[in-house]
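Asker: Chains as they are written, first to last, in this note's numbering: chain A, 1 to 202; chain B, 203 to 778.
Hints are computed from structural coordinates only; laboratory data are not their basis. Be aware that a few hints might be false.
Straight-line Cα separation of at most 30 Å, DSS-like style, residue types lysine-lysine; simulated pairs [what the hints assert, rightly or not]:
#1 B:Lys235 to B:Lys777
#2 B:Lys235 to B:Lys363
#3 A:Lys196 to B:Lys777
#4 A:Lys196 to B:Lys387
#5 B:Lys650 to B:Lys621
#6 A:Lys99 to B:Lys671
#7 B:Lys671 to B:Lys343
#8 B:Lys485 to B:Lys777
#9 B:Lys777 to B:Lys283
Across the chosen pairs, the derived CB separations fall in these ranges [stated by the list, open to error]:
#10 B:Asn608 to A:Gly191: 28 to 36 Å
#11 B:Ser614 to A:Ile97: 28 to 36 Å
#12 A:Ile97 to B:Ala686: 42 to 50 Å
#13 A:Ser48 to B:Ser438: 33 to 41 Å
#14 B:Ser614 to A:Glu147: 36 to 44 Å
#15 A:Gly91 to B:Arg276: 43 to 51 Å
#16 B:Arg567 to A:Thr187: 19 to 27 Å
#17 A:Ile97 to B:Arg524: 41 to 49 Å
#18 B:Gly255 to A:Thr187: 26 to 34 Å
#19 B:Lys671 to A:Ser146: 50 to 58 Å
#20 A:Ile97 to B:Arg497: 29 to 37 Å
Glycine included, C-beta positions come from ideal geometry on N, C-alpha and C.
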Amino acid sequence: MTEQTMQYDPTRRNFLRICCVSGVPIGLAACAPAVTGEAGAWALTKRSSGSFFDAEQMSVLSDMAELIIGDGPWPSASDADCVTFLDDMLGEWGGPILKARLSRLPAQLNRFSIRQQLRSYVYLDQPVRAQLLADYDELAFSDRNSEASVSYREFKSLVLKIYNTSTEMNSDYVRVPGTYFGDLSETQQLGLVRDKSEGLAT
Amino acid sequence: MSTQADADFDAIVVGSGITGGWVAKELCERGLKVLVIERGRHLDHPSEEYTDGEAPWELEYRGLVPDYLAENNRYEMMRRKRHIYRNEHRQFFVDDAEHPYSYPEDRPFMWTRGYQLGGRSLTWARQCYRWSQQDFDANRKDGHGSPWPIGYDDLAPWYDKVENFVGISGNSDGIDTLPDGDFLKPWEMSCAEELVAANLRMERPDRPMIIGRCANLTEEHEPARELGRGVCQARSTCSRGCVYGAYFSSLSATLPAARRTGNLTLVTDATVESVVYDDTLRKVTGVRVIHTRDRERRTFSGRMVFLNAGSLNSVHLLLNSRTRQYPSGLANSSGMLGSYIMDHFGGSGASGDVPGLDDRYAFGRRPVGIYVPNYRQEQLDDADFLRGYGFQGGAQQRKSERPNGNGPGIGSDMWERGKNGPRWRMSLFMYGEMLPNQDNRASLHPTKTDRYGTPLLHLDCEGRDNEKKMRAQGAKDAVDLLTAGGCTNVREIAPEPNAFVMLGERTHEMGGACMGADPRSSVVNSWCQTHDIANLFISDGAVMASCGTANPSLTYMALSGRAAHHAADLLQEGKL
Ligand SMILES: Cc1cc2nc3c(=O)[nH]c(=O)nc-3n(C[C@H](O)[C@H](O)[C@H](O)COP(=O)(O)OP(=O)(O)OC[C@H]3O[C@@H](n4cnc5c(N)ncnc54)[C@H](O)[C@@H]3O)c2cc1C
Ligand code: SF4
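Throw the hints in and build the complete structure from the sequences for me.
Answerer: Next comes the structure, spelled out in structure tokens:
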């Protein structure tokens with residue numbers, strides 16, 4: 001990874017445009033065998049166009065958000081509607097620069113995929129995709145100046161902000177605690193949360 | 203506009219924030235007909251603009267300030283104060299692009315304002331601490347700034363009155379440098395804070411850590427109940443307004459108290475441009491305003507004028523009220539108007555894990571932190587600076603169940619990273635007293651004007667050597683306090699020793715029309731009355747001759763109540 005950079009490489013622009021996700025409909029399953037030889041690699045869920053992003057961008061960004069949040073005993077990015085919310089909000093909330101950055105992000109990730117894996121992002125197996133995004137993430141945080149790094153980090157930060165403020169992540173939110181206690185056992189604290197939260201807590 | 207008003211008033215109060223509210227209440231209760239003029243819009247209490255009841259997922263844009271604003275360079279200074287740059291209370295903060303001010307490019311000044319009925323009393327953090335005699339002695343002792351003409355005993359009865367009306371929670375801690383008052387029941391410390399405080403009592407008995415004192419009602423309080431104010435529900439959404447009226451604001455407390463006398467007239471959406479001075483009478487006769495909605499100009503007349511526009515705005519008004527007799531600003535025969543701008547400064551501190559409490563939890567969102575009052579003024583053996591500092595902070599439960607998108611890692615890696623360390627982590631942030639320095643100045647910009655043609659306020663201020671030395675020692679002390687308090691993994695927060703000390707960051711800007719006994723070196727006397735013009739008073743932070751280390755608004759309120767009471771006496775005795 002050390003020799004990789006996240007700088008945009010204009011000399012490869014035309015070649016990459018042909019390969020990039022935004023140029024090839026993600027749901028175009030017929031292309032998959034020709035490129036990858038394995039239909040199973042098409043794990044990316046096809047999304048319809050949103051309010052701001054087009055279908056391809058929605059698909060890739062949703063997949064990225066899913067991988068960023070990951071699988072575990074916690075709500076997934078789609079449970080928390082991260083990318084749908086971002087898409088709904090971005091039109092009136094985002095400035096032109098951020099909008100351009102986030103729109104370009106799928107293509108940037110794809111270029112990275114082509115360089116690293118010699119295949120478009122959508123054609124990668126899910127585990128390979130996860131590793132690729134982990135590498136991309138690491139690079140984005142070590143080389144913070146490039147445009148691609150900024151786009152990715154802004155996306156990640158927004159996904160996390162939306163995720164952390166979702167109902168799914170706030171099932172224990174107590175709107176009106178009534179008072180403050182600073183030294184409780186777990187059982188006492190859970191009891192109060194159960195009594196006072198709005199039925200979101202399980 | 204709230205009300206149209208043409209009549210002559212006994213008093214005109216400019217500004218409806220923390221201090222203007224106090225002056226209005228005091229004067230109205232003394233039977234005077236009072237006009238409060240506010241440049242911002244009218245707000246009711248409770249207001250439709252409050253967002254305190256909204257859960258995180260209900261907030262517009264989840265509380266994220268629209269990104270296009272940043273891209274257009276709006277809210278420039280508020281953006282730097284990341285923790286307050288939130289959409290749910292943005293309506294209560296001023297956008298610098300709409301209300302510009304100026305500063306030298308290499309010496310920015312952070313001026314955080316709130317232009318609406320109630321001013322910054324809506325968004326303040328409600329920390330309330332009395333000043334001690336040590337604070338009033340400081341200028342006289344080391345020769346910096348104008349010596350205070352009053353001491354603790356002059357203000358103590360007014361601290362009592364203000365605290366009684368406002369409702370301040372806290373302990374009587376018996377600390378010389380932080381006088382006690384008559385408090386409502388204190389908030390509870392968290393287990394982690396208790397532990398650190400107990401360790402400090404043994405290890406650093408001269409540096410006590412106490413629970414913060416704040417203007418949130420922790421219990422029923424008669425003067426508050428009469429105004430329909432309820433008890434605090436530990437939601438910690440105060441900067442968004444409070445439908446319960448459980449924290450003190452002009453909107454929930456002083457303005458309703460003034461209104462119930464029947465003596466109050468309020469005009470909103472009206473910016474006072476200058477104070478009208480009659481050269482022959484040698485008195486002020488009123489104020490000139492610009493109605494912000496239709497740009498119409500008009501004059502209101504009154505028998506006396508109180509400036510409570512929030513320190514720098516009061517100074518701005520006087521600088522912009524030039525007359526033949528006062529060509530460099532009204533009431534500026536001393537030439538000191540605009541000098542000695544101050545703020546508390548910070549930038550240093552520390553944080554550390556509090557071990558051994560992983561099975562202990564907190565419930566509720568306490569709206570106040572802990573406080574380490576200034577201990578440094580008397581402990582200077584290992585220090586090479588004048589004056590002292592205190593710390594504010596608190597111990598938070600780590601939200602390990604919440605991943606954070608600002609660092610590397612995806613999936614389980616990211617979640618794991620968030621889980622490092624014990625459940626509780628404590629932080630301390632320094633609040634330093636800067637030296638009054640005549641060269642820290644506010645003036646009128648020679649060429650730039652606002653949309654009404656008023657010259658912009660130009661702020662040329664910085665923390666200097668003394669402040670930098672203090673900041674460096676503050677970081678060391680914070681590390682020492684946490685270590686002695688039993689914390690592990692202590693991380694120092696220490697800027698580069700020579701890094702610029704920006705004023706305004708602590709939102710406690712003050713000075714510019716300092717109080718003093720000598721009319722040649724100060725602007726107001728011990729009653730906040732200008733030396734030059736008997737019926738002109740200033741009772742906001744502009745009159746502060748030094749800045750102490752404690753959050754200042756309680757002192758501003760005490761000064762305002764005292765000044766208004768005195769002014770009413772003078773008026774009634776026919777001395778104005
Ligand atoms: C986020 C934040 C946290 C804070 N926390 C604390 C704290 O914990 N403890 C503490 O002691 N202090 C705190 N402060 C500071 C506190 O808010 C101020 O000290 C206090 O509000 C000053 O009162 P004031 O009446 O002088 O000014 P303001 O409350 O600012 O009121 C001034 C009013 O005058 C109006 N005005 C200005 N110019 C004109 C004009 N030309 N014509 C007509 N009207 C005008 C403004 O619109 C405003 O309504 C905090 C401030 C902020 C922003
Ligand atoms: S914490 Fe208390 S004062 Fe603050 S908003 Fe909630 S109820 Fe009101």
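Asker: Now, for every hint given, state plainly whether the structure supports it.
Answerer: We went through each hint and held it up to the structure:
A distance of roughly 17 Å separates the Cα atoms of B:Lys235 and B:Lys777; the hinted pair therefore holds under the 30 Å criterion. Among the hinted pairs, B:Lys235 with B:Lys363 is consistent with the structure: their alpha-carbon atoms are about 22 Å apart, no more than 30 Å. A distance of roughly 59 Å separates the Cα atoms of A:Lys196 and B:Lys777; the hinted pair therefore is violated under the 30 Å criterion. Straight-line distance between C-alpha atoms of A:Lys196 and B:Lys387 comes to about 23 Å, which keeps the hinted pair within the 30 Å bound.
For the hint linking B:Lys650 to B:Lys621, the alpha-carbon distance of about 52 Å lies beyond 30 Å, and the restraint is violated. For the suggested pair A:Lys99 and B:Lys671, the alpha carbons sit about 45 Å apart, so the restraint of at most 30 Å is broken. Using a Cα cut-off of 30 Å, the hinted pair B:Lys671 and B:Lys343 holds, with the two alpha carbons roughly 20 Å apart. Among the hinted pairs, B:Lys485 with B:Lys777 is consistent with the structure: their alpha-carbon atoms are about 12 Å apart, no more than 30 Å.
As the CA atoms of B:Lys777 and B:Lys283 are separated by approximately 46 Å, the hinted pair breaks the 30 Å bound. A hinted range of 28 to 36 Å for the beta carbons of B:Asn608 and A:Gly191 is consistent with their spacing of about 34 Å. Between B:Ser614 and A:Ile97, the C-beta spacing of about 32 Å keeps the proposed range 28 to 36 Å intact. Distance hint for A:Ile97 and B:Ala686: a CB-CB separation of about 48 Å, consistent with the stated range 42 to 50 Å.
About 40 Å separates the C-beta atoms of A:Ser48 and B:Ser438, a value consistent with the hinted range of 33 to 41 Å. Between B:Ser614 and A:Glu147, the C-beta spacing of about 29 Å breaks the proposed range 36 to 44 Å. Against the hinted window of 43 to 51 Å, the Cβ-Cβ separation of A:Gly91 and B:Arg276 comes to about 19 Å, which falls outside the hint. At about 21 Å, the beta-carbon gap between B:Arg567 and A:Thr187 stays in the expected band of 19 to 27 Å.
Our hint of 41 to 49 Å for A:Ile97 and B:Arg524 holds, since their Cβ atoms are close to 44 Å apart. About 29 Å separates the C-beta atoms of B:Gly255 and A:Thr187, a value consistent with the hinted range of 26 to 34 Å. Between B:Lys671 and A:Ser146 the beta carbon distance is about 40 Å. The supplied range of 50 to 58 Å is therefore violated. Distance hint for A:Ile97 and B:Arg497: a CB-CB separation of about 34 Å, consistent with the stated range 29 to 37 Å.
In terms of the numbered hints stated before, the structure departs from hints 3, 5, 6, 9, 14, 15 and 19, listed from lowest to highest.
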